[in-house]
Amino acid sequence: MAIEIEARGLSLVYSIRGAKNGRNDKNGKVSGTLTALENVNLAVREGEFLSLVGPSGCGKSTFLYILAGLIKKTSGSILIGGKEVNGPALDRGIIMQAYALFPWRTVQKNVEFGLEVKKVPRAERAGIARGYIELVGLGEFSDRYPFELSGGMKQRIAIARALAYNPDVLLMDEPFAAVDEQTRGALHEELLRIWEETQKTIIFVTHSIDEAIFLSDRVAVMTPGPGTVRKIVDIKLARPRASEIRTSAEFAKYRREIWQLLQNRTDRTEAVVTETCILESEPQEAVI
Amino acid sequence: MGIGMKTAKQIKKPNLGFFVSLVAIIAFFLLWEWASRSGAVDSQFVPPVSKVLGDAWALLLNGTLPIHILSSLARLFAGLGLAIALGIPLGFLLGGWAPKLAGFIRPLLMNLSMLNPFALIPVFMLLLGIGEASKVGIIFWVLIWPILFATASGVMQIDPAVVSIARSMGAGGIKIFFDIIVPGTINRVFTGLKSALTLGFIVLLSAEMVGAKSGLGWLVFNSNKNYNITRLYVGILFVAVIGFLLSVGIDKLQKNIVVWEE
Ligand SMILES: Nc1ncnc2c1ncn2[C@@H]1O[C@H](COP(=O)(O)OP(=O)(O)OP(=O)(O)O)[C@@H](O)[C@H]1O
Ligand SMILES: [Mg+2]
Numbered sequence: 001m002a003i004e005i006e007a008r009g010l011s012l013v014y015s016i017r018g019a020k021n022g023r024n025d026k027n028g029k030v031s032g033t034l035t036a037l038e039n040v041n042l043a044v045r046e047g048e049f050l051s052l053v054g055p056s057g058c059g060k061s062t063f064l065y066i067l068a069g070l071i072k073k074t075s076g077s078i079l080i081g082g083k084e085v086n087g088p089a090l091d092r093g094i095i096m097q098a099y100a101l102f103p104w105r106t107v108q109k110n111v112e113f114g115l116e117v118k119k120v121p122r123a124e125r126a127g128i129a130r131g132y133i134e135l136v137g138l139g140e141f142s143d144r145y146p147f148e149l150s151g152g153m154k155q156r157i158a159i160a161r162a163l164a165y166n167p168d169v170l171l172m173d174e175p176f177a178a179v180d181e182q183t184r185g186a187l188h189e190e191l192l193r194i195w196e197e198t199q200k201t202i203i204f205v206t207h208s209i210d211e212a213i214f215l216s217d218r219v220a221v222m223t224p225g226p227g228t229v230r231k232i233v234d235i236k237l238a239r240p241r242a243s244e245i246r247t248s249a250e251f252a253k254y255r256r257e258i259w260q261l262l263q264n265r266t267d268r269t270e271a272v273v274t275e276t277c278i279l280e281s282e283p284q285e286a287v288i
Numbered sequence: 001m002g003i004g005m006k007t008a009k010q011i012k013k014p015n016l017g018f019f020v021s022l023v024a025i026i027a028f029f030l031l032w033e034w035a036s037r038s039g040a041v042d043s044q045f046v047p048p049v050s051k052v053l054g055d056a057w058a059l060l061l062n063g064t065l066p067i068h069i070l071s072s073l074a075r076l077f078a079g080l081g082l083a084i085a086l087g088i089p090l091g092f093l094l095g096g097w098a099p100k101l102a103g104f105i106r107p108l109l110m111n112l113s114m115l116n117p118f119a120l121i122p123v124f125m126l127l128l129g130i131g132e133a134s135k136v137g138i139i140f141w142v143l144i145w146p147i148l149f150a151t152a153s154g155v156m157q158i159d160p161a162v163v164s165i166a167r168s169m170g171a172g173g174i175k176i177f178f179d180i181i182v183p184g185t186i187n188r189v190f191t192g193l194k195s196a197l198t199l200g201f202i203v204l205l206s207a208e209m210v211g212a213k214s215g216l217g218w219l220v221f222n223s224n225k226n227y228n229i230t231r232l233y234v235g236i237l238f239v240a241v242i243g244f245l246l247s248v249g250i251d252k253l254q255k256n257i258v259v260w261e262e
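These protein sequences, in sequence, are chains V and Z.
Straight run, no breaks: the first sequence in the numbering used here ends on number 288.
Straight run, no breaks: the second sequence in the numbering used here ends on number 262.
Chain Z on its own, in the form it takes in the complex (with noise of 0.2 Å):
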């Protein structure tokens, strides 16, 4: 019996996918430096990437790239802190109570989330200000709605047979809830976050280009602005990473969490 219930877990496949991503990444930099240094474009454009990383290093250094990154990163978190604190909880009325409006309203939610989120800079601008409130109400706004319904669906989906288990042995409203509806909602829920931080972040940048002083998005946009080329491509670069590491960041968390699915 040993033998055949070794796990997919257990055996170790060798990490090829991120090897290859690597050398992809690697040979990228090497052609974009070749073609930078040859002239087979525009080095005025196209810097070469010694000189884009030598610019990110030195502004990493002196304290200027690290005070963009946490002020887009602190405007991000603030939104979906708040988009956490209600969408989930509403997310488990909504799926544990009310299923039925929940399959009713959730196409006329998603189509107005979808409701291009960049147009929506202006009109939250015009509510909140061009202060930070705008720009955590955008990303607020933007990441809510698939939290919610993702929360929903995740209760929705719950195994009834599991429920009823779980009340023949006597258990009671809470542990059920925090027993069986919470673990058995959570991995949709990341889910719902994963979509919705991609999103999240690349409204923010937007955001970020109108009325802020500060941010991954602004360091894009000023660099644009004063034709400093080189500074532009760091911004783009660290969005790039940032944007990279979050959703590293989340997967793992996912895994660590929900260690009982396959």
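Bound-form chain V, shown alone (with noise of 0.2 Å):
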């Protein structure tokens, strides 16, 4: 069931409203348009997990948007499986960062949304909702309603949802940001398991390099907006990981590898670009 996806000389032009009278000219830009992706270039292999960091605005959600089919690219070629992306499909499953529950449905019922559009039998979609909410663990949860849930058990219900459907790409946003430190780590060892459960191809996007070398079999890292691939860590950790892991010089190592990346992307004096560093984790935070 594992897919590949790969991206060549993608690249993504928003157009902005109310700018349309060319008074926002800068830098010599097409006054109206905002470059958000520039010929982005990224081969994701079968079953791979992959995380994205980079820069705020460097167009990470952007590049998950145009994969799950939610907005068209301006040019360049996406391919999932060997063809080109064209539009929502249940091969791909996307998890944004603000849950997006259904409010209106109770835990069960938003899980066997995808279910419901695959047209499978009542009974058997209850089934296979109860299945998953099991799985992320709250299934004695499955007759709330969202509103009834803590943000780390919407957030698993948002991975129970995507999973229900059994797509073949999992898209995560920044799917564990709003979850305090000990939930992440137990959402970390859930998503592993699952992943080294069911062979999906995923992309994880994060802000935190620590998240991203403990997940991934690769790191991209990407250049400020406009967004494009500037190297790939190979993450060559042995699995299944232990969370004591980050504490190992090997993952040290990494660290500082993908900080080092992070930090010259303007090619700038140091100063300079410490001073707009917007990352959450420091390289010598775990080391301790």
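Bear in mind the hints are in silico, worked out from the structure with no lab data behind them.
It is possible that some hints are incorrect.
For lysine to any residue, the following SDA-like pairs were computed, each having C-alpha atoms within a straight-line distance of at most 25 Å [said to hold, decoys possible]: (1) V:K72 to Z:V162; (2) V:K119 to Z:V162; (3) V:K72 to Z:I181; (4) V:K109 to Z:G170; (5) V:K109 to Z:V162; (6) V:K109 to V:P121; (7) Z:K252 to Z:I186.
Only some residues are given here: those of chain Z computed to face chain V with a beta carbon under 7 Å [unchecked claim]: (8) I158; (9) A161; (10) P183.
According to the in silico footprint, chain Z covers these stretches of chain V (three or more CB under 8 Å from chain Z) [unchecked claim]: (11) 67-80; (12) 90-100; (13) 110-121; (14) 137-147.
Even glycine gets a Cβ: it sits at the ideal position worked out from N, Cα and C.
With the hints as a guide, bring the two chains together.
What follows is the structure, given as structure tokens:
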């Protein structure tokens, strides 16, 4: 079921409303447009866990939205399983940072949504949904509404919802940004377990270097907007990974490498760079 | 985890508000009775509440009150039905396909509908005659705007991420409409309906005072004209009771349908 993804020379230009009169003309850019992605080349292997890191606004979410078929690329090509992406489809599941659960549906019904679209019979879909709700450890909450859940629970339901209709590709946009350290740790292990079980291809966007290293086969580092892939770092840590690995020397080496790649992004002096830095995790942080 | 997850709904609060209201009403009635009987107020203009309630009971039993209540409610619900039938679909259209237009014409139409509806009564009489049509027509006019704009603003406040997620799972237009847009809007519609219904009821009573032969408004007006003071109070009392029941009823309906919000 694993599937590969390939972006070739992918670009995306947003047109910006309210800037049509040419007043926003800066640095010779065409007014009224914003280039979010420019010539992105990235090949994600079958069943790979790939993380995407890069400064805020470099186009990571935009990239996932294009993959999900929610926005149309401007030029280049984007292939999933060898086929050009042409709108949303059930072979992909996106998990948004804002959870985006359906407030008017119970946990159970939220998770069933994709199965309804797939026209899976009622009884069967209830069973499948229950299975995934249990998989994320929220079995006893299946009759609750989203407003009755904590942030971390909502996140897990969003994951269960994306898993339930069994897409080959999971697109995860800063999925754990809003949960506490401990919950995040538990969710990491859960996610890796699910990934190892289901062989899905995962693209995972995060601002946390540690999270990216811990989870991924490879980490793609992006340049500031307009975003392109600066470098792909191969994470050769053995699997299955336990949380102690975060304190290892190898881990620290990757952390330093990615940090550096993000630091050098403007090729200016270090002082300027650190000033504009928006990263959450310091390279020294977990080397205690 | 289980303990922390008890919801507000499960922890039933003692219904203190209801109890306080009940005590207040009884106290008010007792004061009324005393004031009227002791001569503190002129009992010709304020008959004792026991007399009012007695008359009310008699008028209920002989079928007079039910006739008037039913004819008022029939007009109200006819106007409401028309306002819903037209206002909700138009609201969906406006909110879904022309949100900019909605933002633009909303203040205009809101002002227009806020135009003292009582002043519109003669206009409606002129256009639709003094029969049922003008009364239902005015209710319709008063109710449609809040319903239309509540629906449109309900559509507009739906989280775009929720629509995107549904699309990402391959949901088509029809599924998105019925599974996202409709439930995402309904709470706002109820809110609009609630504010509309109270105003609509009051406007109806006024309309019934002009050229009607039945209805609670007519009952109040006619009793006043014939110096039947007790019956006047009966009418007012039932206006209050029906108004109260209507707002409680719609509240209950909203709570029963919109179960997914705190
Ligand atoms: N709908 C839109 N219309 C116009 N410009 C947009 C739109 N969405 C995003 N952009 C712009 O595109 C660029 C990339 O945005 P995107 O959300 O993809 O960044 P990101 O890498 O996900 O950032 P973050 O890490 O903060 O989430 C930004 O400059 C943003 O302002
Ligand atoms: Mg983003």
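Quiz item: Hint by hint, which ones does the structure fall short of?
Solution: 8
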